[in-house]
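Here are the chains, one letter per residue:
Number of protein chains: 2
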Amino acid sequence: MSKNIITISREFGSGGRTIAKEVAKKLGYAYYDKELVKQISMETGFSEGFVEENGEYASAKNWLAAAFSHLSFPGVMAGPSMDDFLWAMQRKVILDLAEKGKCVIVGRCADFILKDRTDCFHVFIHADPKARAERIVRRYGTSEQSPEKRLDDKDRRRRLYYKHYTEREWGMAQNYHLSLNSGEIGQERCVEMIVQLAQAL
Amino acid sequence: MSKNIITISREFGSGGRTIAKEVAKKLGYAYYDKELVKQISMETGFSEGFVEENGEYASAKNWLAAAFSHLSFPGVMAGPSMDDFLWAMQRKVILDLAEKGKCVIVGRCADFILKDRTDCFHVFIHADPKARAERIVRRYGTSEQSPEKRLDDKDRRRRLYYKHYTEREWGMAQNYHLSLNSGEIGQERCVEMIVQLAQAL
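Quick note, the sequences are listed as chains A and B, same order. According to the working numbering, the residues represented by the first sequence are 350 to 550, in order. According to the working numbering, the residues represented by the second sequence are 350 to 550, in order.
It is worth saying that the hints were derived from the structure and are not from the lab. Hints are not guaranteed to be accurate.
[As the list claims (entries may be wrong)] Below, computed lysine-lysine pairings styled on DSBU-like, alpha-carbon distance capped at 30 Å: (1) K503/A - K464/B; (2) K464/A - K479/B; (3) K498/B - K479/A; (4) K479/A - K451/B; (5) K441/B - K464/A; (6) K449/B - K464/B; (7) K479/B - K451/A; (8) K498/A - K464/B; (9) K512/A - K503/B; (10) K498/B - K512/A; (11) K512/B - K498/A; (12) K479/A - K512/B; (13) K479/B - K512/A; (14) K503/A - K512/B; (15) K449/A - K375/A.
It should be emphasised that the depicted structure is a prediction, and the values quoted were computed from it without experimental measurement.
Given these sequences and hints, build the entire structure.
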């Protein structure tokens, strides 16, 4: 039996998205990344930019609000936050897509959302900070923030988001079947390994 | 350039030791596991049993003592504990062995101790609790404690030990170049992947 669904979680700047796209191409699987954002945007009515930013990252504003959400104010209704609504819809879209058949899904806690399906193969791509910093400058150019600061910020917010909704630690090897340091192993070899395993298992 | 040194860290019951032995055999590398314990025992004067138990696992007694070590009592000298001494000697033995050339080293925080060498390849082997529980019963038989309890206990003590001496989280994918779920991927395939990468990188 081959694995029908491959989830690829990745550190910012590790090349995980490029690897995922290549894996999908080689296996002839559907590839859900921007497509996923588009669908979630349609289902929720939120803009694609909003979904992209808030469906994987904790934002300082919302998380500060969450920290004080136990304080109730007279006349103010308590209820799920916008983040919680987005999470619920994102979860539903991912579960539905998985039903449609062979695909590669990038990020968005899909490893957790699909953890009980036995036809999934969960991959985590990471790399050393130096390799990631070089890659984001090459790919996205420089900005006012140093690349190290950008990595730190993204890592921290992704970790917070993952922890909040999954109650697991982001980046723990035990959450994945295969974890690869793409800087050390090389992107092409990562692609080959994932493709081979997806076909063999 | 091939990788001269392969460190294999593993969850109890994941088959990591068996995989490590097979990798060493296929690559024709020296294999340090019991051999390492023997050397540390010779250098420290501690028994092999003591080294085996205290060189990777936090023991309740010692760690309770450590928790109160900031309290000083008149006339009692503060100094490194027996665990700290064992750690220092273990570290020295591992650094020396790495100098000797091609080898596979199992456990004992070797991934951390050798993290600055560029000729090392760091691997983490894990598996789902169910697969590990079945394996330890098959391998070590049953005992009064349930296999789940034995796994929990070992995991917790290993995590504590690793955290104390390395200040890193045990099992984080980022600490390794390659992390594999041996239950899902299969031991033979794990061996092949490690061997191929060690030769290719």
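Hint by hint, here is what the structure shows:
With a C-alpha separation of about 25 Å, the suggested pairing of K503/A with K464/B holds against the 30 Å cut-off. Simply put, K464/A and K479/B have alpha-carbon atoms about 15 Å apart, close enough for the 30 Å limit, and the pair holds. For the hint linking K498/B to K479/A, the alpha-carbon distance of about 40 Å lies beyond 30 Å, and the restraint is violated. Taking the CA atoms of K479/A and K451/B, the gap is about 27 Å. The hint holds against a cut of 30 Å.
With a CA separation close to 41 Å, the supplied pair K441/B and K464/A exceeds the 30 Å bound. For a cut-off of 30 Å, the pair hint linking K449/B to K464/B stands: about 17 Å separates their Cα positions. Between the alpha carbons of K479/B and K451/A the distance comes to roughly 27 Å, so the proposed pair stays at or under 30 Å and holds. Between the alpha carbons of K498/A and K464/B the distance comes to roughly 23 Å, so the proposed pair stays at or under 30 Å and holds.
For the hint linking K512/A to K503/B, the alpha-carbon distance of about 24 Å falls within 30 Å, and the restraint holds. Among the hinted pairs, K498/B with K512/A is consistent with the structure: their alpha-carbon atoms are about 25 Å apart, no more than 30 Å. The straight-line distance between the Cα atoms of K512/B and K498/A is roughly 25 Å, inside the 30 Å bound, and the hint therefore holds. Proximity of K479/A to K512/B is assessed by CA-CA distance (about 24 Å); at most 30 Å being required, the pair is judged to hold.
With a C-alpha separation of about 24 Å, the suggested pair K479/B and K512/A falls inside the 30 Å cut-off, and the hint holds. The hinted pair formed by K503/A and K512/B meets the criterion: a straight-line CA distance of about 24 Å does not exceed 30 Å. Pair hint K449/A plus K375/A holds up; C-alpha atoms about 19 Å apart against a cutoff of 30 Å.
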